[in-house]
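J.: Sequence:
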Amino acid sequence: MIENLSTQLSRLFYPINERVGVSMGVVSGHQSKHKQKHLVFTISLTKPTSVQVYLVKITAKSEVKKMLVC
Numbered sequence: 082m083i084e085n086l087s088t089q090l091s092r093l094f095y096p097i098n099e100r101v102g103v104s105m106g107v108v109s110g111h112q113s114k115h116k117q118k119h120l121v122f123t124i125s126l127t128k129p130t131s132v133q134v135y136l137v138k139i140t141a142k143s144e145v146k147k148m149l150v151c
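If you read the sequence shown in this note's numbering, its first letter stands for residue 82, the second for the next number, and so on.
Hints in this document: simulated from the structure, not taken from any laboratory.
All of these numbers come straight from a predicted model, not from anything done at the bench.
The beta carbon of each residue, even a glycine, is placed where N, CA and C say it ideally should be.
Take these hints with a grain of salt, some might be off.
Stated by the list, open to error - Listed next, the in silico EDC-like pairs over lysine to aspartate or glutamate satisfying Cα-Cα at most 16 Å (straight line):
#	residue 1	residue 2
1	Lys116	Glu144
2	Lys118	Glu144
3	Lys147	Glu99
4	Lys142	Glu99
As the list claims (entries may be wrong) - Per label pair, the in silico range of CB-to-CB distance:
#	residue 1	residue 2	range
5	Thr140	Ser87	15 to 23 Å
6	Arg92	Lys116	13 to 21 Å
7	Val108	Thr130	28 to 36 Å
8	Gln89	Leu126	18 to 26 Å
9	Arg100	Lys138	31 to 39 Å
10	Val108	Pro129	28 to 36 Å
11	Met105	Ser125	17 to 25 Å
12	Lys128	Val108	31 to 39 Å
13	Met148	Ser87	25 to 33 Å
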């Protein structure tokens with residue numbers, strides 16, 4: 082599961098020249114067991130280097146959606 086998740090995240094950010102630095106699972110009290118949310122910190126490879134935070138949602142059907150937080 083963890084290897085699959087790290088592979089999915091790497092593939093998601095690879096085309097936009099960003100690499101995943103840290104990924105943290107986010108759990109709410111009433112969250113569905115079929116959905117996963119992760120806070121992902123990425124580092125850009127282009128100059129100027131920047132760190133961005135994304136909220137990545139993974140559904141039970143393995144659909145991956147990302148939303149820029151900051």
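J.: Now tell me, hint by hint, if it's right for this structure.
T.: Structure-based check of each hint:
1. Between the alpha carbons of Lys116 and Glu144 the distance comes to roughly 10 Å, so the proposed pair stays at or under 16 Å and holds.
2. With a C-alpha separation of about 12 Å, the suggested pair Lys118 and Glu144 falls inside the 16 Å cut-off, and the hint holds.
3. Under the criterion of a C-alpha separation no larger than 16 Å, the hint pairing Lys147 with Glu99 is consistent with the structure, at around 13 Å.
4. With a CA separation close to 25 Å, the supplied pair Lys142 and Glu99 exceeds the 16 Å bound.
5. For the hinted restraint 15 to 23 Å between Thr140 and Ser87, the CB-CB distance of approximately 18 Å keeps it satisfied.
6. Roughly 20 Å separates the CB atoms of Arg92 and Lys116, a value that falls within the hinted 13 to 21 Å.
7. A beta carbon spacing of about 31 Å between Val108 and Thr130 agrees with the range 28 to 36 Å that was offered as a hint.
8. Restraint check, Gln89 to Leu126: a C-beta distance of roughly 19 Å satisfies the suggested window 18 to 26 Å.
9. Between Arg100 and Lys138 the beta carbons are some 20 Å apart, a value that contradicts the proposed interval 31 to 39 Å.
10. Range check, Val108 to Pro129: about 34 Å between beta-carbon atoms, so the 28 to 36 Å window is met.
11. Distance hint check for Met105 and Ser125: the Cβ-Cβ separation is about 19 Å, which falls inside the suggested range of 17 to 25 Å.
12. Taking 31 to 39 Å as the suggested C-beta distance range, the pair Lys128 and Val108 conforms, at roughly 36 Å.
13. Distance hint for Met148 and Ser87: a CB-CB separation of about 20 Å, inconsistent with the stated range 25 to 33 Å.
Hints 4, 9 and 13 from the earlier list are contradicted by this structure; the remaining hints agree with it.
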